[in-house]
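2 protein chains.
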Amino acid sequence: MSKGLDHDTLNENVKKAQYAVRGELYLRASELQKEGKKIIFTNVGNPHALGQKPLTFPRQVVALCQAPFLLDDPNVGLVFPADAIARAKHYLSLTSGGLGAYSDSRGLPGVRKEVAEFIERRDGYPSDPELIYLTDGASKGVMQILNTIIRGQSDGILVPVPQYPLYSAAISLYGGSLVPYYLEETANWGLDVNNLRQSVAEARSRGITVRAMVIINPGNPTDEVYQQNIYQDARPFLSARKVLLDMGLPVSKEVQLVSFHTVSKGYWGECGQRGGYFEMANIPPQTVDEIYKIASISLSPNVPGQIFMGLMVSPPKPGDISYQKYVQESNSVLESLRRRAHIMTNGFNSCRNVVCNFTEGAASNRNAFSGAMYSFPQIRLPPKAIEVAKKAGKVPDVFYCLKLLEATGISTVPGSGFGQKEGVFHLRTTILPAEEDMPAIMESFKKFNDEFMEQYEEHRGYSRM
Amino acid sequence: MSKGLDHDTLNENVKKAQYAVRGELYLRASELQKEGKKIIFTNVGNPHALGQKPLTFPRQVVALCQAPFLLDDPNVGLVFPADAIARAKHYLSLTSGGLGAYSDSRGLPGVRKEVAEFIERRDGYPSDPELIYLTDGASKGVMQILNTIIRGQSDGILVPVPQYPLYSAAISLYGGSLVPYYLEETANWGLDVNNLRQSVAEARSRGITVRAMVIINPGNPTDEVYQQNIYQDARPFLSARKVLLDMGLPVSKEVQLVSFHTVSKGYWGECGQRGGYFEMANIPPQTVDEIYKIASISLSPNVPGQIFMGLMVSPPKPGDISYQKYVQESNSVLESLRRRAHIMTNGFNSCRNVVCNFTEGAASNRNAFSGAMYSFPQIRLPPKAIEVAKKAGKVPDVFYCLKLLEATGISTVPGSGFGQKEGVFHLRTTILPAEEDMPAIMESFKKFNDEFMEQYEEHRGYSRM
Numbered sequence: 012m013s014k015g016l017d018h019d020t021l022n023e024n025v026k027k028a029q030y031a032v033r034g035e036l037y038l039r040a041s042e043l044q045k046e047g048k049k050i051i052f053t054n055v056g057n058p059h060a061l062g063q064k065p066l067t068f069p070r071q072v073v074a075l076c077q078a079p080f081l082l083d084d085p086n087v088g089l090v091f092p093a094d095a096i097a098r099a100k101h102y103l104s105l106t107s108g109g110l111g112a113y114s115d116s117r118g119l120p121g122v123r124k125e126v127a128e129f130i131e132r133r134d135g136y137p138s139d140p141e142l143i144y145l146t147d148g149a150s151k152g153v154m155q156i157l158n159t160i161i162r163g164q165s166d167g168i169l170v171p172v173p174q175y176p177l178y179s180a181a182i183s184l185y186g187g188s189l190v191p192y193y194l195e196e197t198a199n200w201g202l203d204v205n206n207l208r209q210s211v212a213e214a215r216s217r218g219i220t221v222r223a224m225v226i227i228n229p230g231n232p233t234d235e236v237y238q239q240n241i242y243q244d245a246r247p248f249l250s251a252r253k254v255l256l257d258m259g260l261p262v263s264k265e266v267q268l269v270s271f272h273t274v275s276k277g278y279w280g281e282c283g284q285r286g287g288y289f290e291m292a293n294i295p296p297q298t299v300d301e302i303y304k305i306a307s308i309s310l311s312p313n314v315p316g317q318i319f320m321g322l323m324v325s326p327p328k329p330g331d332i333s334y335q336k337y338v339q340e341s342n343s344v345l346e347s348l349r350r351r352a353h354i355m356t357n358g359f360n361s362c363r364n365v366v367c368n369f370t371e372g373a374a375s376n377r378n379a380f381s382g383a384m385y386s387f388p389q390i391r392l393p394p395k396a397i398e399v400a401k402k403a404g405k406v407p408d409v410f411y412c413l414k415l416l417e418a419t420g421i422s423t424v425p426g427s428g429f430g431q432k433e434g435v436f437h438l439r440t441t442i443l444p445a446e447e448d449m450p451a452i453m454e455s456f457k458k459f460n461d462e463f464m465e466q467y468e469e470h471r472g473y474s475r476m
Numbered sequence: 012m013s014k015g016l017d018h019d020t021l022n023e024n025v026k027k028a029q030y031a032v033r034g035e036l037y038l039r040a041s042e043l044q045k046e047g048k049k050i051i052f053t054n055v056g057n058p059h060a061l062g063q064k065p066l067t068f069p070r071q072v073v074a075l076c077q078a079p080f081l082l083d084d085p086n087v088g089l090v091f092p093a094d095a096i097a098r099a100k101h102y103l104s105l106t107s108g109g110l111g112a113y114s115d116s117r118g119l120p121g122v123r124k125e126v127a128e129f130i131e132r133r134d135g136y137p138s139d140p141e142l143i144y145l146t147d148g149a150s151k152g153v154m155q156i157l158n159t160i161i162r163g164q165s166d167g168i169l170v171p172v173p174q175y176p177l178y179s180a181a182i183s184l185y186g187g188s189l190v191p192y193y194l195e196e197t198a199n200w201g202l203d204v205n206n207l208r209q210s211v212a213e214a215r216s217r218g219i220t221v222r223a224m225v226i227i228n229p230g231n232p233t234d235e236v237y238q239q240n241i242y243q244d245a246r247p248f249l250s251a252r253k254v255l256l257d258m259g260l261p262v263s264k265e266v267q268l269v270s271f272h273t274v275s276k277g278y279w280g281e282c283g284q285r286g287g288y289f290e291m292a293n294i295p296p297q298t299v300d301e302i303y304k305i306a307s308i309s310l311s312p313n314v315p316g317q318i319f320m321g322l323m324v325s326p327p328k329p330g331d332i333s334y335q336k337y338v339q340e341s342n343s344v345l346e347s348l349r350r351r352a353h354i355m356t357n358g359f360n361s362c363r364n365v366v367c368n369f370t371e372g373a374a375s376n377r378n379a380f381s382g383a384m385y386s387f388p389q390i391r392l393p394p395k396a397i398e399v400a401k402k403a404g405k406v407p408d409v410f411y412c413l414k415l416l417e418a419t420g421i422s423t424v425p426g427s428g429f430g431q432k433e434g435v436f437h438l439r440t441t442i443l444p445a446e447e448d449m450p451a452i453m454e455s456f457k458k459f460n461d462e463f464m465e466q467y468e469e470h471r472g473y474s475r476m
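Same order as they appear, the protein sequences are chains C and Z.
For reference, each letter of the first sequence is one residue, going 12 to 476 in the working numbering.
For reference, each letter of the second sequence is one residue, going 12 to 476 in the working numbering.
Honestly, the hints are just simulated from the structure, not real lab data.
Being a predicted model, the structure only gives us computed values, none of them experimental.
In this list, chains with the same sequence are indistinguishable; a pair is considered to hold if it fits within one copy or across any two.
With a Cα cut of at most 25 Å, we get these calculated SDA-like pairs of lysine to any residue:
#	residue 1	residue 2
1	LYS304	GLY163
2	LYS45	LEU413
3	LYS100	ASP84
4	LYS64	GLY121
The following block holds chain C by itself, in its conformation from the complex:
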């Protein structure tokens, strides 16, 4: 008799869901690491894992919140600055029992207020804390909203391709249908509205009700969660919410919008803390209540992550004791990220059959697929490589990425995990390895790639597409 957790009896949606960022490549990389091979994990944007140091001020504040007895210790001033101590007292006053107490399931009201104030400063429109819910990172928020929307297979969600695999995985898990809309690599991954219309029409002809659309901003597959990674002032970040409200009535009161943010990305990179929020616009109150009810089943998001979110939206101000240090640490991370993006893009473009669109990061082109923390070079695989891969039962870019991993220890994600046009192949890598390691990594990549191409190109004169 088969049992509840036998594989053949499981929820089919659970089995169908694929998550490429931690898929075959990551599992193989973990195996190789266990066998003692040095692995450079560039599969997921996890900056602290690759040596980025945390910003000091938010960590001081959260450490003090964890150890509130220190606030009465006469020696506390020897190891913590006065503004961190004041902030810790502020956040503890927003909780009902410190970090050890469940908060309201939507998050601490005081932190939601700080988020609303941040959004208002950013967009120039008021924001209502009652429509802001804190979450254990942005992914959990995205999953909750998709779960609320999707009723079954005939519900479609428009997702840009290339996409961040969270969307495809969550849509499968909740039993819906992903409706792709393709971005144009030759137009710096821009959106073609006709192409979008065609995707919707095609889905409808298959009996799919298109229920929602995922918008990635800035860049793709980066999310609004990367709004801090814009490296210049000429084209500042513009939120989807601001665009909507700028359009005026009736659109500004009609279009339903849920926007997500997180402490994991930006230059904070506090992934392990799992802090995030989503803000709802034009969502009916009854629906807002249903989302609250579902959030309440798992009681509350983790409270330290909520404090990190509060700190991210209200960092030290000019004149604060910790301001200079905070700005200096932040700039140092951002400038290093930009330098690393340059080294990586130039490195890719120096390789045979590799073309990488990105030049200036999100700074110069908000629609650049590369940018923020990632690079997405196209790998023009020779027909022979494609043929050998298929014989080995592998998607060609998976084949390439596995070979790269075995040869160099560089753990990437094949472009097929994000979606790409038929016959076109990519890989996705983060730009997060330590700056001093970057030249050697790119050299090792080039050596592998050029040998791979040499091996599979039928003749040296193989023409680029």
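Go by the hints and put chain Z onto chain C.
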């Protein structure tokens, strides 16, 4: 045209799910609080919110992990003991980049190893860290396993009634069917196997495939998460896993079992940190991999919560600098809980038409429904009260609890949220209000209750059932 997040178009399972612990009563209590009324929240086991102080040692360790730069500060020894510093270094060495880095989606391997060692010490059987997954609290783990099992409405999950509403809510959310098995209040909430068989037969006759059974141990609706709250040594906690393995072959290798634990309950009460784990026994490797894959969609449980779990399963040992203080703080919490359980049970039993089974807590009877952090008195509502409630469109115990809330500020959960036999009514309250407040709370309860009974009893001689 209706939109994706309009209420009438939402996922029906989302709308159907009910979660009584934060349901109508909690929402009304929150409203009253906003209006300035003093509310005593006893709806959810949230000890720090009601004044319980966190244990010092784990907080010191996690504070240091949050602020690793302190480890190089010459003054750190003035505010942190040496064993906390050593432990912080230990946990940081288990991460790859500190608390700001995503861990493996199953949790940090080093912490999973500590959990396995704890289970082995507790049960006397080896435990495999590969079968232990860390989670953002136990609820998230329970939800993940139910999501893996449930395929649709004809999949049933056996749940003891009274039940913890997490189960009913999650089963609704995933579209399955709850199959109740009733516990016997007159037998100290014991399990009657014939009754269980009958529930299964009845479900099958309705075309339901019974896929899994929820076991609550010790006590009910407390979970294994309360294993620390056993107040004596004569009948120590016995895990379901130990019982299974004690049965020997073939059963010990056949029955599939997933056990949950958390840092939220026990005497730590670190609810806001969201740390938990589940351990799998006899689950096929392919299924274990599917559960890993789904966990990976939201990247990783929060890392500070994982460290709390590590600390909970490996607290200070005799001889450690912090041992005495840790034991003293732990005992102080446990002893106070026991005293509060006594005050509350005696208080309930002194009220008209109120009967509370609990006398010695989980200590004397592991099947006691009351115990750990909760009390579940039966409220024998007079027929007239039932009639008036029904006219007001309320379930009778909801009616009673709302009146209690309005009169006294005591926020409880009606028994109907947990399930109860037809015509029998309860309320659930935690025993967590501060010990010094407890006599006044019970007095205020008695005053309300006795007046309520006075009002609705048709004649003073109304006989108890």
